[in-house]
Structure formats: C-alpha cells, structure tokens
Amino acid sequence: MSKEMTIHLKYWKQNGPNDAGHFEEYTLDNVNEHMSFLEMLDVLNEELMLADKEPVEFDYDCREGICGSCNLVINGQAHGPKARVAACQLHMRNYKDGDHITIEPPRAAAFPVIKDLVVDRSAFDRIIEAGGYVSVKTGSAGEANAILVEKEKADAAFDYATCIGCGACVAACPNASASLFTGAKIAHLNKLPQGEVERKNRVVAMVDQMKEEGFGDCSNFAECEAVCPVGISISAIAEMRRDYMKAALRGD
Amino acid sequence: MKLDSKVPGGPLEQKWDKHLKDINLVAPNNKRKYEIIVVGTGLAGGAAAASFAELGYNVRSFCIQDSARRAHSIAAQGGINAAKNYPNDGDSIWRLFYDTIKGGDYRSRESNVYRLAQVSNEIIDQAVAQGVPFAREYGGTLANRSFGGAQVSRTFYARGQTGQQLLLGAYQAMMRQVHTGKIKYHPRHEMLDVVVIDGQARGIITRDLVSGELNRYEADAVVLATGGYGNVFYLSTNAKNSNVTAAWRAHKKGAAFANPCYVQVHPTCIPVSGDYQSKLTLMSESLRNDGRVWVPRKKGDDRHPNDIPEEERYYYLEERYPAFGNLVPRDVASRNAKMVCDDGLGVGETGLAVYLDFRDAIKRDGRDTIEAKYGNLFEMYENIAGENPYKQPMKIYPAVHYTMGGLWVDYNLQTTIPGLYAAGEANFSDHGANRLGASALMQGLSDGYFVLPYTIGDYLAKQEPGKRYGTDHEAFAEAENAAQSKIDKLLNVNGNRTIIDFHRTLGKIVWDKIGIARNAEGLKSAIEEIRELREEFWQNVKVPGEKNNYNKYLEFAGRVADFFELAELMAQDALDREESAGCHLREEYQTEEGEALRNDEEYSYVAAWEYKGLNGKLEEQLHKENLEFEFVELKQRSYK
Ligand SMILES: Cc1cc2nc3c(=O)[nH]c(=O)nc-3n(C[C@H](O)[C@H](O)[C@H](O)COP(=O)(O)OP(=O)(O)OC[C@H]3O[C@@H](n4cnc5c(N)ncnc54)[C@H](O)[C@@H]3O)c2cc1C
Ligand code: SF4
Ligand code: FES
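These protein sequences, in sequence, are chains A and B. All residue numbers for the first sequence refer to my numbering, where the first residue is 1 and numbers rise by one. All residue numbers for the second sequence refer to my numbering, where the first residue is 1 and numbers rise by one.
Everything labelled a hint here was simulated from the structure, so no lab data went into it. Among these hints, one or two may not hold up.
Claimed, not checked - Below, a list of computed lysine-lysine pairs in the DSS-like style, where the Cα atoms sit at most 27 Å apart:
{"#": "1", "chain 1": "A", "residue 1": "Lys151", "chain 2": "B", "residue 2": "Lys373"}
{"#": "2", "chain 1": "A", "residue 1": "Lys137", "chain 2": "B", "residue 2": "Lys21"}
{"#": "3", "chain 1": "A", "residue 1": "Lys153", "chain 2": "B", "residue 2": "Lys84"}
{"#": "4", "chain 1": "B", "residue 1": "Lys31", "chain 2": "B", "residue 2": "Lys6"}
{"#": "5", "chain 1": "B", "residue 1": "Lys542", "chain 2": "A", "residue 2": "Lys10"}
{"#": "6", "chain 1": "B", "residue 1": "Lys547", "chain 2": "A", "residue 2": "Lys13"}
{"#": "7", "chain 1": "A", "residue 1": "Lys3", "chain 2": "B", "residue 2": "Lys508"}
{"#": "8", "chain 1": "B", "residue 1": "Lys489", "chain 2": "A", "residue 2": "Lys53"}
{"#": "9", "chain 1": "A", "residue 1": "Lys137", "chain 2": "B", "residue 2": "Lys15"}
To be verified - Coverage of chain A stretches by chain B, computed from C-beta distances (three or more under 8 Å per stretch; other residues unrestricted):
{"#": "10", "stretch": "25–37"}
{"#": "11", "stretch": "84–91"}
The C-beta atom is built at its ideal place from N, Cα and C for all residues, glycine as well.
The task is simple: from the sequences and hints, build the whole structure.
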C-alpha cells in the first residue's frame, strides 16, 4: 500500500496587489506519497472549504509541465526541490512524514500579486509582443522544404523554443531579471534562417521592452538556469547581450 | 431548425476551389469597418485571430488562461499530419482524405475532410515560415514519422512537443497583431454567453476573471474556438480549464450540438492512483510498438509482476487479435483493457490497470536501444508513478482524450446561428466517430489559418459595415443579467458538498455508462442518475468566496453546471444511435468477434440536437444531416 504522511503547510494569502499579505498555516494528515504537489493543494482547499474557510488560489492548467501556468516558490525554491520539473510535476514522495513546507508566489516587481499565489505575468506577453516572432503573414509562406536547415541548428532552436514562460527564472534571480526568458526566444529565432532576417530589430525591441517592464539586469548569478524546469541554457543570455551590443553600437 | 451543410457541388477535388471562386469578398478598405470576436487562443483560435488581423479586420481575442500561449493545445505531443509525401511512400491528398474518412468510421462529411487534406500542406509551410523548429533530417529537410491508422509516414513533429511549438507559432503571430493594435487581447476572461440580435450573433458576455466584473462586447461575427469537452468525465488528459461552457451556452441560444456521444479514449495513460487524482497523463501510443500488454490469468494474483511466470500471463491483445496484436487501433485497445479489468483481472491498488511490459524488448534489442527510443517517456512515467519501467512493467489504463462531437457547423464552419462560427475541437466537423492521431492539430490550424479567413468574409460581405446596435441593447442586458443570476445562484446555495466532489461523481457516472462501452439499460439509468445529481448540485453545492474577486472555484462551479446538462445530452445521443461506430460502442451492436457493427442504412447521419428547454429534464430535438458518400465505398473494419 502507498504511504501516507503528515505535512505542515505555511502558505501565502494576499487579497490583491494592495493588500500587505500574510502567511497561514495548516497541517494535512493524509498526504499520499503518489499525490502531485498541486493535488496536495487541492486536498488542502477541499478541507478549508468544508470548514468554511477561504481556499488558497494558485495558477495551473495542464498539470504536466508544459503550459507554464504553475509558478509556486516552495521552501524558497522556484518549482520546488526537484531539478528540471515544474511544480505540477513534483510528487509528494519527494517529501517525508512531518515535513514543513512553505509556499509563496514568485516575488518580483514586474509580477504583481493578483491573489494569494496567483501573479500577473502579462509583462512576458508584452516582451513577445515587442518582437518575439517572424513577420510572416498567413498564406505568404513558401514551400517548407525550399530552405534547408541543418539538423544541429534545428535541434538547438528547439531546445531554446521549449521555454514554457513560467517565470521561475525571474523568481529565482536576485535581480528579478527576465533575461533567460527573453534570451530563449531570441536564441530560438536566431538559429533558424526564417528568424535570422529580423535578428537586429528583434533583440533591441525585446530587450528594451524587458527593461521597461521593470525587470532587473542580469549579473550572471545563473540561478535562473538552475530552476528552469526545461533546462534553458544561459548561453541564450550571452547571445542576447552580444546581439544587443552590436545592434546598439550600429545605432539601428 | 433546418440543417443546410452548404456543401458546394461538383467533383470532390474541385469543391473548395470552386467555393473560393464563388464566395463574396470584403474589399480591403472595408475590412477595418468590421470587428470579429475570437473566443479561445488554442491552435484554432490563435491562428484565426492572427489571420483575421493580418487581413485588416479588427479582432478581439479572449482566453481563460493568463496568456494565450497556455491554451490546452500546448500539451499535444505526437505530431501533425500533412500530405506532403516527402518520404515518397505514396502519400497524397486523396490518401490522407481516405484514411481520415475510414478512421472516422464513415461518419464525417466527405467535402470537409477532403478540404482538410488539401490545406494540410500549407499548414506545414506556414509553421516553418514562422520558425517552428520541426524535426529535420541530416540533409536539412523536414523529418516524418508514422502514426496509427496510416500506412505512410506523414506526421511532422517537434520531438514530443509538437503542440507546444505549433501553438507558440500561432501565439507569436497573434502577438505581432496585438502590437499593431489590430487585436485587442483579453486573457483571464471567460465567455459566459453569446448575444443574439435578430437571429444573428452580435456579441458576447464575459467575466473578467481577476475583478469578477461582467462585460459586454459587440461585434459583426463571433468565432468559438474553445476546445473539447472531455473534462465532463472529470478525469481526462485535458487541461484543467478545458470546458464546454462557451459551446454549451451557444447551444442554449440556438446552435445545434452534433454527435455529443463521440468521445475518444486513449489506451495508454498512467492509471488513477487515488481519489485525489486531478487529471490523467497520456503516454505516447508509440510504446505499443515494443511493449507487450498483459494481465495475470488468475484473479487477485498479487505477486510482483516479475514473479508471474510466462504461462500465467494473459497477453490478451496478442491472443484475441493475432494479426495486429498490441498494435490494434485506439478504441479496440481501450475496450479490451476495460473488459479484462471488468473481469477482475486488473492490476495495481485500484484493479484498474493493465501491464505494458518491455522485458522482452529489452532482452531482444538491449536496454540502450529501448532507451534511445523511449527514454523521455520512461523518465516521465517514473516521475509520476514512482516505478522504473526498465525493471518492471508499466501500468497503464485508458483515459478520455478527445471529443469528436461539438457544435454543428456547415461547410463554412458556421453554426446554426448566423454569424456564429466554431473551429477546432469545439466543432464536430472532420473526424466522424473517431479521430486519427496527429489530425486534431491539423484540423485546428486548417480551420484557423485557411478556412475561416475566407468563409467569414462571405458572411461579413453581406452585413452592413459598421452597423452597431450598442451594448445597451436589451439582448445584451438580458444575457448579462442571466449570467449574473447564474453566478449569484451558485454562490447562494451554500451547501455541504464541494464542486470537485460533484464533478468527480458526475465523471464516474459518465465514465461507467457513457464511456468505452455503452448499452441501452446503462444509458437510461445514466440519464436518471445525472438528473438526480444535477438536482442535488443546485441544492447542496458549496461555492466559496466572492463574485468580485479572483475565484477559481466559482469559475469551476459554472463549468460543472454546464457539464451536468451536456452529460444528459451525451447519454441521449448515445441511446439514439442504435449502432456502433468508431468510438461509440453499443454492446448490443457488435459483430460475432466483438467488433463495432455499423448500421449504414439507418444511422449514416450526423445527429444535430436543438435545445428546447430544461426543466428537471433536458429537452432536445434531433435533426439529422444525412451523410452521402459519393466518392468512397463504405467498409467494415477488421483487425483480426
Ligand atoms: C495530452 C494530449 C496530447 C495530444 N496530442 C495530439 C497530437 O499529437 N496530435 C494531434 O493532432 N492532436 C493531439 N491532441 C489533441 C489536440 O491537442 C487538441 O484537440 C487541440 O489542440 C485543440 O485545439 P483547439 O484550438 O480547438 O482548443 P484548445 O487548445 O483546447 O483551446 C481552447 C481555448 O479556448 C479558451 N476557452 C475555452 N472556454 C472558454 C470560455 N468560456 N471563455 C473564454 N475562453 C475560453 C481556452 O482558454 C483556450 O484558449 C492531444 C490532446 C491531448 C490532451
Ligand atoms: S526560461 Fe525557463 S524558467 Fe524562465 S520562463 Fe522559460 S521555462 Fe520558465
Ligand atoms: S500546470 Fe502547466 S506547467 Fe504546471
């Protein structure tokens, strides 16, 4: 039979961006080792609601590590203790009976709290909006195989393109920088001939937007890479900075 | 209500071109006078919104998630089909068309499916131009792999994350238009109703999911690209926010709902481990290429699987289907897994699982080979299930995956409400009674990039540019009031059972009786049970929090309320269809070998249901769209 544990939870409650916020505590007695972390929170909320208390709000959708909705900071670590997984892919068997777990939202000026553990990450959309695309209209594309792409380049582009936009990199960064997220999109599109065309304008537009949103600068702490659930490499940041310097020097 | 499919005449291969020639166009300088609402930002909605805006229309885009990029399409794994014939293995538009019609067990419209196959190639061109990093060969060309239900290699893929990459392509195209101002973008908004004025769709009511405020939006046309309703089962492979609300509320405003009983169950998912389970995870079908499916021959055999000797293992697929063995189609594999578990042979703590064993494949090919093929899947399994599939068999079980039914649409993707369109999984269009792997992504993008941008123009061209009734119009006020009173009603029940508790109980009824196998008796009792539970829901549900705040449980309560109504229609539809077809297996209608037995004489139709009222019972009127097969010959499937 599967194991059951007692877990002591401390979670953040905050009623909107202007509320000061505070921690609340609750002990769950029957946490099954096979539960996912978010299922444990579902159970917490069921208990709270049945006791006429307010549930804790948290973001999620796919619950399999691909949509990027979940963004919990667990005992101080974005997405929790297990490397290369999102919070929704974390299972309770990574904890033991009697453990204390503190759950907080990612804290960054550019990610204001909406409620409890739910934050506003629309700054990420605006960074993409500034230039994270190839300017091609529906219907104007040529035959797909007309432009050959080296397998290594296509694979490298894919690796950067797997960013799920969760914001863990921002949460983990002492400067709350969005460089890994922004760099990942730039590096993805740079690697492909289709994206190469707009390389210069893109990097300037996206980096400027990132600054405007209030994200900090990158000081090479590399905390972002360590927490990234899909393992985006910080080489993306180096590439972004190089391109930005070049484009800025040329003044275009 | 009259169903007019508006299928153009002429030879199959020329219908779409002829239609494009015949339909009305909106002049470029007039396009900016029209506004189109697109609900949903998955592949279908994202592609449509971007393409409309590029054409010059004003667009408003809505989604539930905090970003368009998180729509459920992001989770699609395996790939997308197209008739490019790059491998030179004999593929063609005709063959893709034929496989799709046959895979759907001859319950889809020939003209729509042919068009889908025709535009499939353009989708790949478009995605590549956007920078979608598809897998490539060493020579730099695009790579293909094969998928179930086809004898050719026509599936394009981006490792196991094809949906993610295609969706990011559509999302980025959309964000480019947000930047130009052509798209007004509303994430964290849920559509609660469609507004119909003088018989035409003229707008929607939404709830701002952050402030809780209800808003009115007026437009010249509305597109619903709101995905499938698999979550009526509570447990499914769908994302947690996937729902039927937009489609169902449109249905109650006059849009016919087609074939609601056609639901696809995927055979290889990670089984339920306990009551707390909130969703199910799909494991790629490709695993059945090397894994052998079995259960112990003896009931209640609780030995470790590795200790059960060969002669006491029941390789039921290999024994029952010697020709196809473990590679029978999805529906056959799912049905057999359920049968052995119903017979008490299931394994694991719940008895609702079968083994998928790689022991022999590892012995034959070596661990390295198996790791190269399936390494990431094995890792994913171990992370979720906590067991190492290199050392002991995986446990798998079928799970609800995709809904072929949806809003009825004509050839132009217009519902029975003029000005209201449905695209992607939300419509019923192209997959008949069963969808082939890698065809949903193709259909969503086809609808969004290459069908709607033309067909919606045909409708708009006939509307007076810039005509506005104003959101003060009584139809807007009525719709908003109705949405508000539903929310108030939910919050005021203040009962003793949680929303999840109700949803889970509903899901169990639907799974047991409107799931993998159905029969008249079970369906009738399902209808009774659904009605009773629905009654209790409205008297005893506990919805926490406030309406003017972020409140996820309030959102869910509204969606579960709609699932309760849809579930009854699914049962009614399944009861009406006295035949088996594709995923709809009626136990009374099987061949001697236990295979689905169609009745083409009487049931070769699309069942389109018209909402008539709800008063304890759901009242719906059936309309039939007869399916004429001019170009293909109907055959019985066999996998023996
Ligand atoms: C695990 C998994 C793997 C799959 N793999 C494949 C595959 O390999 N190949 C393949 O072809 N298919 C696959 N499918 C199927 C395919 O992913 C879906 O059918 C398809 O992505 C649906 O796209 P869509 O655009 O119709 O809807 P979705 O992507 O579901 O998007 C729905 C959109 O509507 C919005 N929405 C819904 N309701 C409302 C409302 N009331 N108000 C406002 N917005 C609303 C949502 O926020 C979202 O933006 C897979 C499915 C699953 C579950
Ligand atoms: S770079 Fe990694 S951590 Fe940052 S948003 Fe993308 S996936 Fe999340
Ligand atoms: S819920 Fe989708 S990544 Fe966690």
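The hints, checked one at a time:
About 18 Å separates the Cα atoms of Lys151 of chain A and Lys373 of chain B, which keeps this hinted pair within 27 Å; it holds. A distance of roughly 21 Å separates the Cα atoms of Lys137 of chain A and Lys21 of chain B; the hinted pair therefore holds under the 27 Å criterion. About 23 Å separates the Cα atoms of Lys153 of chain A and Lys84 of chain B, which keeps this hinted pair within 27 Å; it holds. A hinted pair counts as satisfied when its Cα atoms are at most 27 Å apart, and Lys31 of chain B with Lys6 of chain B qualifies at roughly 24 Å.
A threshold of 27 Å between alpha carbons decides the hint, and for Lys542 of chain B with Lys10 of chain A the separation of about 24 Å falls inside it, so the pair holds. Of the supplied pair hints, the one linking Lys547 of chain B and Lys13 of chain A holds, its CA atoms being roughly 18 Å apart against a limit of 27 Å. The suggested pairing of Lys3 of chain A with Lys508 of chain B holds, with an alpha-carbon distance near 25 Å, which does not exceed 27 Å. Pair hint Lys489 of chain B plus Lys53 of chain A holds up; C-alpha atoms about 20 Å apart against a cutoff of 27 Å.
Under the criterion of a C-alpha separation no larger than 27 Å, the hint pairing Lys137 of chain A with Lys15 of chain B is consistent with the structure, at around 25 Å. For the stretch 25–37 of chain A, the assignment as covered by chain B holds, since 5 residues bring a beta-carbon within under 8 Å of that chain's beta-carbons and 3 suffice. A stretch counts as covered by a chain when three or more of its residues have a beta carbon under 8 Å from one of that chain; for the stretch 84–91 of chain A and chain B the count is 3, and the coverage holds.
Checked against the numbered hints given earlier, the structure satisfies every one of them.
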